[in-house]
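Colleague: From just these sequences and the hints, can you work out the full model?
Per our numbering, the very first residue in the sequence shown carries number 10; after that it's consecutive.
The hints are all genuine.
Think about it this way: if two alpha-carbon atoms lie no more than 25 Å apart in a straight line, the pair counts; the simulated DSS-like pairs of lysine-lysine are: (1) K310 with K252; (2) K199 with K153; (3) K327 with K199; (4) K153 with K215; (5) K348 with K157; (6) K221 with K157; (7) K153 with K221; (8) K395 with K352; (9) K153 with K210; (10) K350 with K371; (11) K251 with K310; (12) K210 with K242; (13) K310 with K327; (14) K242 with K252; (15) K371 with K199; (16) K247 with K280; (17) K252 with K280.
Think of the hints as simulated: they come from the structure by calculation, not from any bench.
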Amino acid sequence: MPGLPTRKGLAISLVQDKDIHLVNIDDSDLTITLISAAAADGVKIVTDIAVSKQVCLQSNYLRAFIDAVKDTDEIILGGELKQSNDTDHGREEGENRDGLLVVLSHLHGLTDERMAELGLHEISVLGVWYAIAYQERDQRDSAKEKLKSWFEQWFAASVTTVELNIDTARALALPCQLFDHAVGFAHVTKWLAYNHIGHVKEFPPKGFKGSKGLNISPGEFVGPVNHARGGLKTSLHKSLYKKCGHLLHYGTDACSCWDATVGQYFRALTKIDVFPVEDVLSYSSVQQIINRLGRFEYTHKTDCIRCRQLDWESVVLKAKANTENYFDGLCLDCMNRSKPKNKSPDDEYCEHNRSVDGRWDKYCRFRHNQSTCYVSWLGRPDVREKILRGPDGYRAEGRE
Numbered sequence: 010m011p012g013l014p015t016r017k018g019l020a021i022s023l024v025q026d027k028d029i030h031l032v033n034i035d036d037s038d039l040t041i042t043l044i045s046a047a048a049a050d051g052v053k054i055v056t057d058i059a060v061s062k063q064v065c066l067q068s069n070y071l072r073a074f075i076d077a078v079k080d081t082d083e084i085i086l087g088g089e090l091k092q093s094n095d096t097d098h099g100r101e102e103g104e105n106r107d108g109l110l111v112v113l114s115h116l117h118g119l120t121d122e123r124m125a126e127l128g129l130h131e132i133s134v135l136g137v138w139y140a141i142a143y144q145e146r147d148q149r150d151s152a153k154e155k156l157k158s159w160f161e162q163w164f165a166a167s168v169t170t171v172e173l174n175i176d177t178a179r180a181l182a183l184p185c186q187l188f189d190h191a192v193g194f195a196h197v198t199k200w201l202a203y204n205h206i207g208h209v210k211e212f213p214p215k216g217f218k219g220s221k222g223l224n225i226s227p228g229e230f231v232g233p234v235n236h237a238r239g240g241l242k243t244s245l246h247k248s249l250y251k252k253c254g255h256l257l258h259y260g261t262d263a264c265s266c267w268d269a270t271v272g273q274y275f276r277a278l279t280k281i282d283v284f285p286v287e288d289v290l291s292y293s294s295v296q297q298i299i300n301r302l303g304r305f306e307y308t309h310k311t312d313c314i315r316c317r318q319l320d321w322e323s324v325v326l327k328a329k330a331n332t333e334n335y336f337d338g339l340c341l342d343c344m345n346r347s348k349p350k351n352k353s354p355d356d357e358y359c360e361h362n363r364s365v366d367g368r369w370d371k372y373c374r375f376r377h378n379q380s381t382c383y384v385s386w387l388g389r390p391d392v393r394e395k396i397l398r399g400p401d402g403y404r405a406e407g408r409e
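Modeller: Right, dumping it as structure tokens:
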């Protein structure tokens, strides 16, 4: 087959996949032979896709292939090795089947039911990225406009009931933000803030070799998510330390056993590997620390009535609850409203970003608290302080 690559030291074999028809057999006058990238064992999957040539000519990308092989009813995609310094589309070794099928299905105007039959609502995150990349490279209709409805159905079918991991959550951030999926973006950014160990960075899914231009502005993802992690650390530390801090400042003259009481409290926290918070977070996620707090036990006994009345279990339970409720995920609606519209914020801008009847999520697509609004803020910090900080400071709790 023309254009097939060879790879030094590895035998390449082809495996024919089941044919796919995007149009009725009678209406098909062009076959796209799609060759995937080689797997680790050297296997390349070959898929023949029956399409309409007239429809495919509407694609800038596909037209170049069709024009290059006139008087034929077949074009081959993915059969050429990507050459050094070669930036021409189509010169990559292999095409992603799922991503291309999504684009071809939209080009041919397939119904949602037909796309579901083809399994396009259950493809991998890698396939989603390639669908975006392929739609963008065509330079005809943007992925945001063309694929938004499909992505919403894909998210409902493939993500809602799936347990996230670090790689998947990081890779989902871009499509959720691109397609303005507020619930999805909140879901993955909250998960990362609570479950990522160390500084959160943006990464495409493993295996993606498409455009390097697919990324989110650092100020709209990496920065705010790490800001949220910092807020979680502060909330956790303050909640665990507040009671004993008050005792150390104001109660050391009331008895002689205060030092043992506080020392045993710190010992109990250290025993379950949650304190000091700053040190533990260097090798643990916030969620791991929250889970460990459930094992807290304070067994120290003292004859001092005052120290005996200190309920350290309740202190830890409250710290756990405060931290769990601190952040609901980045809010695309708050982010959009807080983006500066003019050089200097006017009264209308400030009014649109204030709470309504004590609610910070009145005009948002999911319920969230004040601290979530604070982290999602994209405007000037001084204006944020003016609008969001009330007489009681920032309240992380309370779902009104």
